[in-house]
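*Asks:* Given the sequences, and given the hints that come with them, work out the whole structure.
Just so you know, the protein sequences line up as chains A and B, in that order.
No gaps in the numbering here: position 90 of the first sequence is 90 in this note's numbering, and each next residue is one more.
Basically this note's numbering = 1-based index in the second sequence + 1000.
No lab work stands behind these hints, which were simulated from the structure alone.
In this text, a Cβ means the ideal position worked out from N, Cα and C, and glycines have one as well.
Misleading hints may appear alongside valid ones.
[Claimed, not checked] In silico negatives: residues of chain B with every beta carbon more than 10 Å from chain A:
#: 1; residue: Ile-1022
#: 2; residue: Pro-1069
#: 3; residue: Ile-1078
[Said to hold, decoys possible] Looking from chain A toward chain B, a few residues come up when the C-beta cut is under 8 Å (computed):
#: 4; residue: Tyr-32
#: 5; residue: Trp-34
#: 6; residue: Gly-41
#: 7; residue: Glu-42
#: 8; residue: Gly-43
#: 9; residue: Pro-44
#: 10; residue: Lys-45
#: 11; residue: Ala-46
#: 12; residue: Ser-49
#: 13; residue: Asp-99
#: 14; residue: Lys-100
#: 15; residue: Val-101
#: 16; residue: Phe-103
#: 17; residue: Gly-104
#: 18; residue: Thr-105
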Amino acid sequence: QQKVQQSPESLIVPEGGMASLNCTFSDRNSQYFWWYRQHSGEGPKALMSIFSNGDKKEGRFTAHLNKASLYVSLHIKDSQPSDSALYFCAVTPPSSNTDKVVFGTGTRLQVSP
Amino acid sequence: DTTVKQNPRYKLARVGKPVNLICSQTMNHDTMYWYQKKPNQAPKLLLFYYDKILNREADTFEKFQSSRPNNSFCSLYIGSAGLEYSAMYLCASRLWDYEQYFGPGTRLTVL
Chain A
1 QQKVQQSPES
11 LIVPEGGMAS
21 LNCTFSDRNS
31 QYFWWYRQHS
41 GEGPKALMSI
51 FSNGDKKEGR
61 FTAHLNKASL
71 YVSLHIKDSQ
81 PSDSALYFCA
91 VTPPSSNTDK
101 VVFGTGTRLQ
111 VSP
Chain B
1001 DTTVKQNPRY
1011 KLARVGKPVN
1021 LICSQTMNHD
1031 TMYWYQKKPN
1041 QAPKLLLFYY
1051 DKILNREADT
1061 FEKFQSSRPN
1071 NSFCSLYIGS
1081 AGLEYSAMYL
1091 CASRLWDYEQ
1101 YFGPGTRLTV
1111 L
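*Replies:* Set out below in C-alpha cells:
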C-alpha cells in the first residue's frame, strides 16, 4: 500500500521568503505527482504536477522529483500572504491503478506579512 | 465552468440516522471521487465512480454507498451514522489522468 508522508507539518515564512515543502512516497514505480493547495473554506486545488525526475518551474513555484530517492518537493519563491494555505502532496500509483491518488497529511504554510 | 458543487455545505445528523450527500459537476468528467477528511489527517479515499462503475475501498466497503444516476451527479450515502462519521466529505472529479477538481466539501457533524 502506497504511503505518502509530508514534512514539515507546519511552516512559517516571512513575506518574500522561500518556502520548502517535502514529500516522500513508498513506491518507486509511482507515475504522477501532484501538489494541491487548500485555502480555508475551499476544496483542494491542483497547483502543479511533475512526472519526470528533475525540476519543473511554474512562475514562483518549483517542483523537484527524485524517484530513486522516493522524494518530491515544492519550493515557493517570494512567498506572499495569499500563499498561506494547506498544501497536499498526491501520488498516483503504478499504471495498473491510476484512478486512485494517495494524499499526504499536508503541510500548513503561513506567510507572515 | 470548472466548479464542483456539493450540497449541503453543513449537515447535522443524529446517531443511527441516514445521511445523503450530493455532488455535481458539469465538466463531463469520467471519474468522480468521495474522500473523508478529518483534522490533521490525509484525505481518505472512500470510493470512486469511473463512468458507471463503482469502486469502493476495502476498509470502508460496508460503511458507504453511492450512486451516479448520470455523468454529472454523484451521491454518498451513509445508512446509519455513527459518531466516527463526523468529518469533512470532499467530492472531486477528474478527466483521464489529469488533476482532480474538488468541491468545497460538506462538513458532517453526528450527534
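*Asks:* Could you check if Ser-49 of chain A really has its C-beta closer than 8 Å to a C-beta on chain B?
*Replies:* holds, 7 Å
*Asks:* Double-check Val-101 of chain A for me: the hint is only fine if its C-beta lies closer than 8 Å to a C-beta in chain B.
*Replies:* Hint holds; Val-101 of chain A Cβ to chain B Cβ min 7 Å, cut 8 Å.
*Asks:* Measuring Cβ to Cβ, find out whether Ile-1078 of chain B lies farther than 10 Å from everything in chain A.
*Replies:* holds, 20 Å
*Asks:* Return the status of the interface hint for Lys-45 of chain A: holds when the least beta-carbon distance to chain B is below 8 Å, violated otherwise.
*Replies:* It holds, given that the least Cβ distance between Lys-45 of chain A and chain B is near 7 Å, below 8 Å.
*Asks:* Would the least Cβ to Cβ distance between Pro-1069 of chain B and chain A come out above 10 Å?
*Replies:* holds, 20 Å
*Asks:* Quick check on the hint: Ala-46 of chain A CB to chain B CB, less than 8 Å?
*Replies:* Because about 3 Å separates Ala-46 of chain A from the closest Cβ in chain B, which is inside the 8 Å limit, the hint holds.
*Asks:* Would you settle whether the hint for Thr-105 of chain A is holds or violated, based on the nearest Cβ-Cβ distance to chain B being less than 8 Å?
*Replies:* The hint holds - Thr-105 of chain A has a Cβ within 8 Å of chain B, the shortest such distance being about 5 Å.
*Asks:* Checking hints one by one. Is Tyr-32 of chain A an interface residue toward chain B, by the C-beta closer than 8 Å rule?
*Replies:* Check passed: Cβ of Tyr-32 of chain A comes within 6 Å of chain B, closer than 8 Å.
*Asks:* Does the nearest C-beta of chain B fall within a distance shorter than 8 Å of the C-beta of Glu-42 of chain A?
*Replies:* holds, 6 Å
*Asks:* Let me know if the C-beta of Gly-43 of chain A comes in closer than 8 Å to any C-beta of chain B, holds or violated.
*Replies:* holds, 3 Å
*Asks:* Does Gly-104 of chain A pass the interface check with chain B, least Cβ-Cβ distance below 8 Å?
*Replies:* holds, 6 Å
*Asks:* Should the label of Ile-1022 of chain B as a non-interface residue stand, given a Cβ cut-off of 10 Å to chain A?
*Replies:* Non-interface label stands for Ile-1022 of chain B: nearest chain A Cβ at 15 Å, farther than 10 Å.
The earlier numbered hints are all upheld by this structure, with none contradicted.
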